[in-house]
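Engineer: Chain residues, written in single-letter form:
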Amino acid sequence: MMWVEKHRPQTPEEVVGNEEAKLKFLSWLKKWKPGGKAALLHGPPGVGKTALVHAAAKAAAYDLIEMNASDARTAEKIMRTAGHAASESSIFQFFSDSKGVLILLDEVDGIYGREDQGGLGAILKLLEESKVPVALTANDISDMRLRELKNACLTIRFQKVRPPVMVAWLEEICRREGLEAEEEALKLIAARSRGDVRSAVNDLQALAEKTRSLRAVDVEKLTARDRQLSVQEVLGEIFLTNNPLYAKRAQAEAEVDRDLLHLSVHENLPYQFTDPEDLAAGYDALSRADVFFGRVKRTQNWGLLSYALEQMSMGVAAARRGKYTPAGYRFPPSRILILGRTKAQRELIKEISAKIGVKCHVSRRRAAADFLPYLRVMFQHSKEAAAAQLASWLGLDEAAVAYLKGEAAKPSSAPARGRKPAGRRGARR
Amino acid sequence: MSEEAVMWVEKYRPKMLDEVVDHKSVIESLKGFLKSPNTMPHLLFAGPPGNGKTSVALCLARQLLGPGWRNYVLELNASDERGIQMVRERIKNFTRHVLGTMAKVPFGLVILDESDQMTAEAQTALRRIMEANSRTSRFILICNYSGKIIEPIQSRCAIFRFAPLARGDVENYLRFIAKKEKLNLQDSGVEALIEHCGGDLRRAVNTLQAAATVGRTVDRKTVLQVMGKAGSEEIRDMLGKALKGDFLEARNTLYTLMATYGMSGSDIIRQVHREIFNLKLPPKAQIELADIIGEYDFRLVEGANDDIQLSALLAQLVKYGSQLGEKA
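These protein sequence lines are chains A and B, in that order. Take any residue in the first sequence, note its place counting from 1, add 112, and you have its number in this note's numbering. Take any residue in the second sequence, note its place counting from 1, add 69, and you have its number in this note's numbering.
Extracted from the complex, chain A is given alone in its bound form (with noise of 0.2 Å):
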């Protein structure tokens, strides 16, 4: 389990620094009446605010009802969800003990995107007809369109936490995990958080792995790679490690973003699975993930990344049965490379496409299809004056008729179809 969530504070003393906002979040809670304001807890990440809400909300018996910005928050889903909650307190409150809801809005400041449209105005209006207090937290409210917003919360600043206040809390927890430390490495970790409790806690979890007796040293090493890993570095523990959790962590731990590492997996793969059963076990992982890459890119519901990071990390990890030896891995993947190589043409290919589809009423796709193929074999066989005719009456320019007579149009394509061959005299491999 995470020690962050393991630790998280179960009373509002617990949470650590920023006693005063503490306080002013307390009395806001303690005090607040319906037609009061909602308050907006704001600051750097990891410093606790969510964890305070989560905290007050215990110890005063509300039911905390979240959100947070991965949700898809469009209007309608933030007012079925919370609106419903927020108008039907008494209902809560006769079948319950609690002392009723408290709602927590999550990352508010990622709201204005493209996918959220409306959020904001739903958030407003919530905010006005909420008849139970509503807390929110940014990491940064200094963007204009929060303005509006601004001005219906009570505002609570939330500093980075001092290194002697974080240091206690790392010692108590190590306290309570049984874990020796030299006062000095925790030191070091709480000055590398800049603040951030969090990734504080995560950073003595990921040390207490390799040691039960944390050394200054042991940090030093830490700081020495800077947190994150290489392409090679990640792609090694996912290829090789016997404990496929380590993959796990080295993937949140890589440098690279999550796209180029699924597309480096995808590219180094085979080189070094080389059993056939391996292989497929391997890509059926990647292929896995994608799937659910695709349903966090349709449903923009975020909660669905992080299946798509263990299966390209640990379930590649855990498909391999075989022992093989490290390899100098590929990067970046050839997959990109290629379609660097190959961007003028498919920008050709599409435009052919899109002249093809107003003549012949069908989609770019269909035409890419359907036709091209066909076109191909027509401006190949024809004489020169019926592929000219076919060529004014679709509307084609010259580099689209060399491309479809199969000749190297620009030299921009012309090393992806001189490499082809190369590639199938590479069979000695």
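Rather than coming from a laboratory, the hints here were simulated on the basis of the structure. Be careful, since some hints might not be right.
Claimed, not checked - Cut-off 20 Å, straight-line C-alpha distance, at most; resulting in silico cross-link-like pairs (PhoX-like, lysine-lysine):
1) B/K251 x A/K495
2) A/K467 x B/K80
3) A/K471 x B/K80
4) A/K134 x A/K262
5) A/K517 x B/K298
6) B/K84 x A/K471
7) A/K170 x A/K145
8) A/K495 x B/K298
What the hints assert, rightly or not - Label pairs and their computed distance ranges (CB to CB):
9) B/N253 x A/R433: 58 to 66 Å
10) A/D252 x B/I361: 47 to 55 Å
11) B/I361 x A/T386: 19 to 27 Å
12) A/N354 x B/F346: 39 to 47 Å
All figures in this text were calculated on a predicted structure; none of them were measured in a lab. Glycine included, C-beta positions come from ideal geometry on N, C-alpha and C.
Assemble chain B onto chain A, guided by the hints.
Structural biologist: Same frame as chain A, now just chain B:
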């Protein structure tokens, strides 16, 4: 229409409803609307690709709206238009334009092709657009699967199902074109065209036109030659490499197919599916492979990256090939 169409699919596209082969009962119903256009509801045409839905919609538009019909028709393709916003804008502009000249025609006609490519959200928005504009416009929605169209839209449309074209009708049409184009179309050529294109007349006509450039006599050999040049050779090559265990070469071929031919993942997997049955494998192996392909076809639809899904399929083929080898 100043110049004569050069692509045969356009040159021989029917102009009037009576010229349409097949779909007799659909045509009869639609002709009823010609007599009293104002009774025409929104229409939904559903059926497999290349069987005449768009042709019928265009014929209907021409006959309903008379000369100058093109001015009163907005033709959109849902798979091309980026998002519902674009569709909404274009329809709004269009209805405004039609209003200004409304004396001449009963209504403007919006033909929205491949409407099943829209997400459920986009369709909900479309439904509102349809309602907001029904005074001035009628919609013809065209799709492959009516099941992918949301209920509220279906209930607002008269639904016409375009059954797959009868084999005889496809054959007659191909022979008609061959005669007009003075082609020697052999029986074996017709057989091969129908085998490969099924009831998709558009693909069959395109294949025939391509075959005609290879030789004036079109027989099975010419048709297969065209199919090969149009990508099936490379697909078979890719499958062969995978089943022999050469994953890297198979994946390279895949990349080439996507880059050179601009084929999408679903086009490739459709062809892979077809080619499996042309491989020299026992029927049991063919159906097992088809099962695997079906799974990845589904994941392709759900996923985000075509070449990862297709590579994963190739990896499955490598594994299957190695197991076949062990058994042999």
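Engineer: The structure should be examined with respect to each hint, and the outcome stated for every one.
Structural biologist: Hints versus structure:
no. : hint                        : result
1   : B/K251 x A/K495             : holds, 17 Å
2   : A/K467 x B/K80              : holds, 16 Å
3   : A/K471 x B/K80              : holds, 11 Å
4   : A/K134 x A/K262             : holds, 19 Å
5   : A/K517 x B/K298             : holds, 12 Å
6   : B/K84 x A/K471              : holds, 15 Å
7   : A/K170 x A/K145             : holds, 18 Å
8   : A/K495 x B/K298             : holds, 18 Å
9   : B/N253 x A/R433: 58 to 66 Å : holds, 59 Å
10  : A/D252 x B/I361: 47 to 55 Å : holds, 49 Å
11  : B/I361 x A/T386: 19 to 27 Å : holds, 21 Å
12  : A/N354 x B/F346: 39 to 47 Å : holds, 43 Å
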